[in-house]
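Visitor: Here is what each chain is made of, one letter per residue.
Number of protein chains: 2
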Amino acid sequence: MTKIEERLRRELGPERVITDRQELRTYECDGLAHHKVIPAVVVLARTTAEVAATVRACADERVPFVARGSGTGLSGGALPHADGVLIVTAQMREIREISAADERAVVQPGVINLQLTRASTPDGYYYAPDPSSQQICSIGGNVAENSGGAHCLKYGFTVNHVTGLEVVTPDGETVKLGGKALEPPGYDLIGAFVGSEGTLGVATEVTVRLTRLPETVRTLLAAFHGIDRAGAATSAIIAAGVVPAAIEMMDALAIEAAEAAVACGYPPGADAVLIVELDGPAAEVAAQFDEVNRLCEANGAFEIRIAADDAERALFWKGRKSAFAAVGRISPDYIVQDGVIPRTALGEVLRRIDDLATGNGVRVANVFHAGDGNLHPLVLFDDAVPGEAERAENTSGAIIDLCIEYGGSITGEHGVGADKAKYMPRMFTDDDLDTMQLLRCAFDPDGIANPGKIYPTPRLCGERPGKHRAGETADRDGAEVF
Amino acid sequence: MTKIEERLRRELGPERVITDRQELRTYECDGLAHHKVIPAVVVLARTTAEVAATVRACADERVPFVARGSGTGLSGGALPHADGVLIVTAQMREIREISAADERAVVQPGVINLQLTRASTPDGYYYAPDPSSQQICSIGGNVAENSGGAHCLKYGFTVNHVTGLEVVTPDGETVKLGGKALEPPGYDLIGAFVGSEGTLGVATEVTVRLTRLPETVRTLLAAFHGIDRAGAATSAIIAAGVVPAAIEMMDALAIEAAEAAVACGYPPGADAVLIVELDGPAAEVAAQFDEVNRLCEANGAFEIRIAADDAERALFWKGRKSAFAAVGRISPDYIVQDGVIPRTALGEVLRRIDDLATGNGVRVANVFHAGDGNLHPLVLFDDAVPGEAERAENTSGAIIDLCIEYGGSITGEHGVGADKAKYMPRMFTDDDLDTMQLLRCAFDPDGIANPGKIYPTPRLCGERPGKHRAGETADRDGAEVF
Chain A
1 MTKIEERLRR
11 ELGPERVITD
21 RQELRTYECD
31 GLAHHKVIPA
41 VVVLARTTAE
51 VAATVRACAD
61 ERVPFVARGS
71 GTGLSGGALP
81 HADGVLIVTA
91 QMREIREISA
101 ADERAVVQPG
111 VINLQLTRAS
121 TPDGYYYAPD
131 PSSQQICSIG
141 GNVAENSGGA
151 HCLKYGFTVN
161 HVTGLEVVTP
171 DGETVKLGGK
181 ALEPPGYDLI
191 GAFVGSEGTL
201 GVATEVTVRL
211 TRLPETVRTL
221 LAAFHGIDRA
231 GAATSAIIAA
241 GVVPAAIEMM
251 DALAIEAAEA
261 AVACGYPPGA
271 DAVLIVELDG
281 PAAEVAAQFD
291 EVNRLCEANG
301 AFEIRIAADD
311 AERALFWKGR
321 KSAFAAVGRI
331 SPDYIVQDGV
341 IPRTALGEVL
351 RRIDDLATGN
361 GVRVANVFHA
371 GDGNLHPLVL
381 FDDAVPGEAE
391 RAENTSGAII
401 DLCIEYGGSI
411 TGEHGVGADK
421 AKYMPRMFTD
431 DDLDTMQLLR
441 CAFDPDGIAN
451 PGKIYPTPRL
461 CGERPGKHRA
471 GETADRDGAE
481 VF
Chain B
1 MTKIEERLRR
11 ELGPERVITD
21 RQELRTYECD
31 GLAHHKVIPA
41 VVVLARTTAE
51 VAATVRACAD
61 ERVPFVARGS
71 GTGLSGGALP
81 HADGVLIVTA
91 QMREIREISA
101 ADERAVVQPG
111 VINLQLTRAS
121 TPDGYYYAPD
131 PSSQQICSIG
141 GNVAENSGGA
151 HCLKYGFTVN
161 HVTGLEVVTP
171 DGETVKLGGK
181 ALEPPGYDLI
191 GAFVGSEGTL
201 GVATEVTVRL
211 TRLPETVRTL
221 LAAFHGIDRA
231 GAATSAIIAA
241 GVVPAAIEMM
251 DALAIEAAEA
261 AVACGYPPGA
271 DAVLIVELDG
281 PAAEVAAQFD
291 EVNRLCEANG
301 AFEIRIAADD
311 AERALFWKGR
321 KSAFAAVGRI
331 SPDYIVQDGV
341 IPRTALGEVL
351 RRIDDLATGN
361 GVRVANVFHA
371 GDGNLHPLVL
381 FDDAVPGEAE
391 RAENTSGAII
401 DLCIEYGGSI
411 TGEHGVGADK
421 AKYMPRMFTD
431 DDLDTMQLLR
441 CAFDPDGIAN
451 PGKIYPTPRL
461 CGERPGKHRA
471 GETADRDGAE
481 VF
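Read top to bottom, the protein sequences are chains A and B.
Residues 1 to 482, numbered by UniProt numbering, are exactly what the first sequence covers, in order.
Residues 1 to 482, numbered by UniProt numbering, are exactly what the second sequence covers, in order.
What the hints contain is simulated information worked out from the structure, not anything from laboratory work.
One or more hints might be untrue.
Note that identical chains are pooled: a pair holds if it fits in a single copy or bridges any two copies.
In silico DSS-like links for lysine-lysine, alpha-carbon gap of 25 Å or less [said to hold, decoys possible]:
1) Lys422 with Lys176
2) Lys154 with Lys180
3) Lys318 with Lys176
4) Lys3 with Lys154
5) Lys422 with Lys36
6) Lys318 with Lys154
7) Lys36 with Lys154
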């Protein structure tokens with residue numbers, strides 16, 4: 001590594017390059033904190049040229065590189081490589097353009113999600129994707145993970161909001177994908193790049209759609225005895241053709257945690273609460289809000305509160321948004337899981353998660369985006385109790401198996417990263433995975449861009465996969481060593 | 001070709017394989033009828049296995065293949081290869097599943113766009129992308145071209161509605177991309193495949209989102225003296241935060257043609273008409289419809305008609321939908337152009353198109369999706385008059401240059417195909433195009449999947465592009481021979 005260190009110091013200046021072991025520890029993990037790797041070198045990039053110079057150095061020396069924004073990811077996508085360079089984009093925080101006429105903003109990747117919304121508000125706009133970490137997570141990280149959030153039910157994921165990217169590819173070239181227009185000719189590499197978790201290169205500038213602030217926002221909180229009823233209400237709302245901005249659900253244990261942490265004052269005795277938010281033109285929201293209210297009642301809500309003002313609305317959300325951290329009040333340790341199931345299976349899957357928890361002797365709190373079936377079970381445990389961590393891990397893994405069994409997905413919005421690569425073969429056939437890896441090999445034949453993430457079996461890129469047909473006897477596995 | 005012909009007859013049965021020269025002529029062009037090439041062989045596929053067997057035969061013999069649905073494309077995307085196999089998917093017409101609960105349909109690629117809507121209507125759903133050719137165009141062709149339509153302003157393009165694909169890749173493998181869920185983990189190859197115009201393989205099964213039929217649809221027709229006023233009204237509607245299902249514009253010459261063909265009875269003396277359609281919940285539509293009406297008046301509409309019922313609404317659309325064909329009534333020949341400009345530049349660009357037409361001594365009728373700046377200038381000419389065809393071609397090309405000059409795109413919804421590959425370097429740098437071709441080479445290293453389409457300079461796929469950096473002296477062009 002000495003050679004690449006020297007080159008980076010020379011090309012970028014010594015203050016951009018960290019190699020002191022103690023300083024490197026700052027970057028040993030992202031939000032998935034139980035995976036830790038100390039990188040060999042950290043580069044604090046400020047410009048596209050600095051990112052490109054770093055990647056070129058890595059390409060020339062065949063040294064792995066990993067990009068990192070704010071480091072809030074929950075699947076270990078920004079977990080460093082022990083022999084690699086970690087490229088930190090957190091200092092690339094310039095908002096380059098906000099154009100209300102075009103409904104677009106152009107930002108550097110280190111810009112914080114909520115900052116962009118704040119900067120757009122004076123023009124009557126905001127940036128719609130809103131991960132729970134929006135106060136701290138970066139747009140670049142959102143692009144890597146195709147981040148979602150509570151309001152993605154109506155507004156879609158990051159990929160639905162990115163129209164242009166400047167990208168440094170794994171060979172160090174700087175290219176433009178897309179632009180301000182929708183649907184340019186040629187291959188839509190924006191779609192492939194957003195959510196590629198750093199395996200196709202590093203985004204150095206991002207052009208996003210801005211969304212007009214809604215005329216009205218109305219929010220209600222409905223409390224239920226029996227979590228099935230909350231699930232049925234969710235399905236009924238969607239089946240009625242209403243698309244709320246958000247439908248969030250919390251179960252009794254999650255409510256207990258939130259009350260302990262932020263005293264949100266949810267209706268006592270609830271097995272589940274739904275937070276339903278509608279936004280849009282006042283006339284539409286008024287009509288649909290009555291419908292949602294009626295459907296919650298019809299499905300057995302024992303109390304419905306309608307936010308009278310922004311303060312009360314903020315209080316409804318405070319409980320939900322603090323839920324992950326709040327669980328720390330009722331359990332020393334916990335695992336955040338992220339999986340997707342069909343909405344129609346909500347009640348059944350939640351019962352089976354409960355059975356799993358009981359069987360494994362752990363507790364599971366459920367907080368999730370009910371509207372799109374995106375579960376976030378929090379598996380509680382105490383690392384000090386021998387065997388509990390393992391039982392929690394098993395429970396968390398079994399929940400993912402459940403999601404697959406019901407035709408869902410191993411991740412809704414946290415990404416695959418280092419954490420879930422092992423589950424990919426349960427969702428996809430070898431041929432499907434091979435086809436995806438064609439793209440990876442095309443961009444990164446030497447396998448230096450965030451290796452070990454997403455795909456469980458790295459492939460020797462010189463070999464063309466998918467050439468094994470009936471009647472051929474080639475040893476397929478022979479091509480799959482790294 | 002004898003060898004591959006024999007193999008195809010043997011594997012698929014002789015009735016699936018056409019080699020008779022007269023029969024082959026049926027397939028010599030698609031909707032871009034002035035480009036004609038007779039293919040060497042036509043295969044009429046019925047199943048995924050038949051498509052896969054055909055592509056495998058082509059891969060083994062390194063014979064080019066081109067897929068074709070209904071052949072209605074307007075950029076020559078399905079133009080055959082003289083030494084290649086044309087795979088016709090028009091007989092793959094099975095609707096395999098319509099699931100209202102999942103809001104999904106699964107279809108074979110030959111299913112006609114409008115058929116799918118008709119089959120979904122009893123459940124209260126429809127398939128939203130609606131190209132003007134929807135009565136005859138196939139879903140497979142829509143996938144290849146990422147087709148749009150009048151209502152894509154609100155509902156998005158084909159890519160926004162496809163969630164899963166079964167694809168035969170250029171080496172003959174059958175793989176699944178995506179599924180019924182949104183945003184699965186791994187690379188989003190759906191985005192890249194939709195709109196890849198047959199260069200990454202052949203779609204053999206398509207899973208699409210179904211859209212709930214709106215509670216209400218309301219349509220108005222506004223007539224203007226001065227096309228600028230119609231442009232200003234369009235911008236004002238969008239700026240007001242209204243997203244109509246469609247905003248269509250026709251100019252005086254297009255109106256003249258439509259009147260001659262279908263007697264649609266638009267207000268006499270109009271320089272431009274706008275058709276604005278709103279759909280959605282009744283409460284929202286009612287409120288926004290008043291706003292649209294007001295904005296048309298404020299921008300100088302001299303007559304506004306509101307469709308009283310479905311019959312009158314159909315009459316408004318009849319003029320618009322017949323406009324392309326109607327132009328045949330007032331001109332022996334015409335070229336349909338397809339380009340995109342920023343909405344805010346509508347008036348200015350239309351004036352410059354008018355100047356171009358005058359300068360070249362041809363007439364241009366404008367019919368277009370005003371809401372998203374997608375122009376369809378129809379350049380009229382008489383092939384019997386020496387030099388007119390050339391002047392029309394020049395005018396049509398100059399219009400594309402205008403679109404690029406204003407920061408727009410060389411195609412809005414018709415694709416690049418054989419027709420516009422030459423314009424791609426005007427929109428993209430060499431590095432950008434190289435990066436796109438990485439994907440093509442990964443899927444199709446031998447260059448047999450619809451060669452010559454989209455990209456102007458086919459690349460020797462063994463060479464890695466993008467390796468030329470400052471200070472290197474390699475002859476870039478040397479890597480680009482085919």
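Visitor: State for each hint whether it applies.
Guide: Verification of the hints:
no.: 1; hint: Lys422 with Lys176; in the structure: between (32 Å within a copy, 19 Å between copies)
no.: 2; hint: Lys154 with Lys180; in the structure: both (22 Å within a copy, 17 Å between copies)
no.: 3; hint: Lys318 with Lys176; in the structure: neither (39 Å within a copy, 41 Å between copies)
no.: 4; hint: Lys3 with Lys154; in the structure: neither (50 Å within a copy, 54 Å between copies)
no.: 5; hint: Lys422 with Lys36; in the structure: within (18 Å within a copy, 50 Å between copies)
no.: 6; hint: Lys318 with Lys154; in the structure: within (21 Å within a copy, 33 Å between copies)
no.: 7; hint: Lys36 with Lys154; in the structure: neither (36 Å within a copy, 45 Å between copies)
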